[in-house]
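Enquirer: Each chain, letter by letter, is given below.
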Amino acid sequence: MDTKFDLSIKKPCSQNFNDFLPTDAGGYCNVCQKEVIDFTRMTEKDILNFFREKAEGTCGRLNKDQLRTYFDSYNHDNSNKWKWLRFGVIGVSSLLLVQESSAQNSTPTIIEADQRVQNQSIENKMFLGKHLVSGRVVDRLDGYPLPGVNIVIKGTVIGTVTDMDGNFSFNDPLVEGEILVFSFIGMETEEFKIKKNMPEIIELNMMQMSCDFMGEIAVNEVYSSKISIWEKVKNIFR
Amino acid sequence: MKAFVISLLLSTISNPILCQLQDFGDIDFKVADSIALTLFGEDLTNLPVLSYQLTSALSTDVEKFRAIYSWVCLNIINDVDAYQLNKVKREKLADKQMSLNEWNEKFRKRMFKNLLEKQSTVCTGYAYLISELASLSGLRCEIVNGYGRTAAVSLSNNAIPNHSWNAVEIHGKWYLCDATWSSGGLLIEESIFLKDYNDGYFLAEPDLFAYSHYPIDTFWLKTNSKTSFDTFLSKPLVYKYAFSYQIKPIEPAKMNVDLKRNESLDFVVHIEKENIAAKLSLSIVQGNWTKDVNLNILSQTDGIYEFDYTFNRKGTYDVHLKVDDDYVATYSVRVKN
Numbered sequence: 007m008d009t010k011f012d013l014s015i016k017k018p019c020s021q022n023f024n025d026f027l028p029t030d031a032g033g034y035c036n037v038c039q040k041e042v043i044d045f046t047r048m049t050e051k052d053i054l055n056f057f058r059e060k061a062e063g064t065c066g067r068l069n070k071d072q073l074r075t076y077f078d079s080y081n082h083d084n085s086n087k088w089k090w091l092r093f094g095v096i097g098v099s100s101l102l103l104v105q106e107s108s109a110q111n112s113t114p115t116i117i118e119a120d121q122r123v124q125n126q127s128i129e130n131k132m133f134l135g136k137h138l139v140s141g142r143v144v145d146r147l148d149g150y151p152l153p154g155v156n157i158v159i160k161g162t163v164i165g166t167v168t169d170m171d172g173n174f175s176f177n178d179p180l181v182e183g184e185i186l187v188f189s190f191i192g193m194e195t196e197e198f199k200i201k202k203n204m205p206e207i208i209e210l211n212m213m214q215m216s217c218d219f220m221g222e223i224a225v226n227e228v229y230s231s232k233i234s235i236w237e238k239v240k241n242i243f244r
Numbered sequence: 020m021k022a023f024v025i026s027l028l029l030s031t032i033s034n035p036i037l038c039q040l041q042d043f044g045d046i047d048f049k050v051a052d053s054i055a056l057t058l059f060g061e062d063l064t065n066l067p068v069l070s071y072q073l074t075s076a077l078s079t080d081v082e083k084f085r086a087i088y089s090w091v092c093l094n095i096i097n098d099v100d101a102y103q104l105n106k107v108k109r110e111k112l113a114d115k116q117m118s119l120n121e122w123n124e125k126f127r128k129r130m131f132k133n134l135l136e137k138q139s140t141v142c143t144g145y146a147y148l149i150s151e152l153a154s155l156s157g158l159r160c161e162i163v164n165g166y167g168r169t170a171a172v173s174l175s176n177n178a179i180p181n182h183s184w185n186a187v188e189i190h191g192k193w194y195l196c197d198a199t200w201s202s203g204g205l206l207i208e209e210s211i212f213l214k215d216y217n218d219g220y221f222l223a224e225p226d227l228f229a230y231s232h233y234p235i236d237t238f239w240l241k242t243n244s245k246t247s248f249d250t251f252l253s254k255p256l257v258y259k260y261a262f263s264y265q266i267k268p269i270e271p272a273k274m275n276v277d278l279k280r281n282e283s284l285d286f287v288v289h290i291e292k293e294n295i296a297a298k299l300s301l302s303i304v305q306g307n308w309t310k311d312v313n314l315n316i317l318s319q320t321d322g323i324y325e326f327d328y329t330f331n332r333k334g335t336y337d338v339h340l341k342v343d344d345d346y347v348a349t350y351s352v353r354v355k356n
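These protein sequence lines map, in sequence, to chains C and H.
My numbering puts the first residue of the first sequence at 7, with every later residue one more than the last.
My numbering puts the first residue of the second sequence at 20, with every later residue one more than the last.
Incorrect hints may have been included.
[To be verified] Simulated coverage check for chain H against chain C, where a stretch passes if three residues somewhere in it have a Cβ under 8 Å from a Cβ of chain C:
no.: 1; region: 68–74
no.: 2; region: 99–111
no.: 3; region: 115–127
no.: 4; region: 149–160
no.: 5; region: 186–196
no.: 6; region: 201–208
no.: 7; region: 256–265
Please keep in mind that the hints were generated in silico from the structure rather than gathered at the bench.
Virtual Cβ for every residue (Gly too), placed ideally from N, Cα, C.
Please put together the full structure from these sequences, using the hints given.
Expert: Right under this line is the structure:
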């Protein structure tokens with residue numbers, strides 16, 4: 007589960023940034039009695055860092071293309087860092103669109119940034135590692151691949167299925183602590199927990215269920231004792 | 020004999036409160052049952068997701084189990100052909116462990132394949148599905164193997180286990196249930212399995228359950244005192260209506276009774292509901308001759324009813340306890356001079 011926030015305009019401001027008293031981070035607005043952060047000089051990384059700390063209600067000066075969704079993924083591996091940033095402009099009010107003349111408008115706009123955090127447990131999730139999971143499922147007895155095995159994230163309906171060669175992969179990374187449930191009718195269900203030091207590729211064995219099969223069906227018939235011929239004869243003379 | 024299934028419209032659950040459900044206060048299974056209904060027709064290709072869909076919206080464990088139980092009884096078809104084939108094979112190979120194991124391996128593979136592809140199976144398949152769906156939803160649920168007594172089965176001391184059912188743990192206590200027997204019954208002559216839901220086997224009262232179910236591992240009896248296998252074999256025969264009407268025959272303690280002519284046969288029966296007691300009757304059968312008798316109730320205290328009947332003639336009689344036209348239990352009475 008990624009943490010993401012949307013930078014969007016809550017209340018467009020009509021003040022002119024150049025009139026503000028300069029501060030370290032931007033300028034001071036007398037009307038709102040607030041420091042207005044100048045995001046136009048920040049990199050994406052800086053913006054992400056900034057909003058990790060800050061609560062809602064930041065006033066800022068941004069370029070139009072900075073008004074988008076930011077995905078925050080705390081990841082030791084730097085090469086993957088920007089993999090999770092999605093690019094799309096959201097939350098831009100129609101009023102602003104009318105005012106802007108071009109996509110590459112360099113005139114910054116003052117907005118009140120609206121930080122909406124998707125994942126409520128941001129404090130916890132932010133520091134949990136994520137893993138791109140894939141692997142193979144085989145029959146423990148003979149080592150043959152098992153196609154059609156369901157792999158579901160426990161407690162959800164999100165999952166995948168092994169292919170003809172027993173291989174599977176998850177497109178979205180899984181978070182440490184999540185449990186994968188491996189299920190196939192007739193086989194013992196297995197669980198696998200996503201941990202920090204897990205193998206890159208999971209090799210999982212599944213066992214056949216070893217139950218004895220029996221099947222006494224309930225009958226709609228009622229007990230009837232067999233009677234001897236003698237009884238039958240006697241009944242005739244009743 | 021080609022067997023096929025007749026699917027009736029699911030009969031609505033009759034009595035809302037059955038014995039063990041007293042543990043759960045005034046619980047109502049309407050929501051759980053309706054969830055099961057909305058998932059009617061789902062296949063078994065993804066059990067974790069099915070389990071989730073059946074249970075995630077329910078807040079109590081008993082309701083989650085109920086949704087699963089209802090769904091299985093509704094959707095799974097009893098494979099009568101397979102039952103008959105397996106029964107014959109198992110009886111034939113009873114003494115030959117190796118061959119029996121080999122047969123079981125083959126049969127098991129076929130059973131799981133059929134379960135997946137046709138949603139049809141024998142009782143162990145039902146029990147497997149119940150335990151799997153329940154376990155996936157976080158409940159402890161086991162398959163219990165043992166002996167099932169019906170009118171069509173004559174079990175002896177040497178009998179091999181012939182039935183599977185389930186035990187589920189809810190709030191630290193184990194409850195018993197039999198989805199196969201809940202879902203319907205076999206019409207022997209026509210070889211047709213008739214789907215007719217009986218609620219009596221859902222969280223059944225252990226003492227009564229022990230009249231017709233005896234587990235290999237007696238841990239699963241769950242009765243106050245453990246009965247022996249011999250005692251089990253000798254008990255009066257009870258049917259599904261004993262469970263749904265909550266009627267337990269106490270005396271005579273054994274199914275086979277020896278009596279003298281004109282000596283009264285004394286019955287003691289526990290009946291949970293007074294209005295049901297009013298409908299109880301005896302049906303005395305000898306060959307083609309049947310006599311329906313209204314009860315002469317001698318005493319009634321706290322649900323315990325005593326009545327008797329006297330036989331005037333010698334002979335062997337089937338004595339049935341009935342509620343309206345529904346058979347509850349049977350004794351076999353031999354009257355001598």
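Enquirer: Tell me if chain C covers the region 256–265 of chain H under the three-residue, 8 Å CB rule, please?
Expert: The restraint on the region 256–265 of chain H holds, since 3 of its residues have a Cβ under 8 Å from chain C and three suffice.
Enquirer: Tell me whether the statement that chain C covers the region 186–196 of chain H is true, taking a Cβ distance below 8 Å and needing three residues at minimum.
Expert: Answer violated; 0 residues pass the 8 Å Cβ test.
Enquirer: Under 8 Å between beta-carbons, do enough residues of the region 68–74 of chain H, three at least, approach chain C for the coverage claim to hold?
Expert: Our answer is that it holds, as 3 residues pass the Cβ test (under 8 Å) against chain C, meeting three.
Enquirer: Do three or more residues from the region 201–208 of chain H put their C-beta atoms closer than 8 Å to C-beta atoms of chain C?
Expert: holds (count 5)
Enquirer: Between the region 149–160 of chain H and chain C, see if three or more residues pass the 8 Å beta-carbon test, and mark the coverage as holds or violated.
Expert: With 3 residues in contact (Cβ-Cβ under 8 Å with chain C), the coverage given for the region 149–160 of chain H holds.
Enquirer: For the region 99–111 of chain H, do three or more residues have a beta carbon lying closer than 8 Å to a beta carbon of chain C?
Expert: holds (count 6)
Enquirer: Given as covered by chain C, does the region 115–127 of chain H meet the bar of three residues or more with CB within less than 8 Å?
Expert: holds (count 3)
Hint violations for this structure: number 5 only, all remaining hints satisfied.
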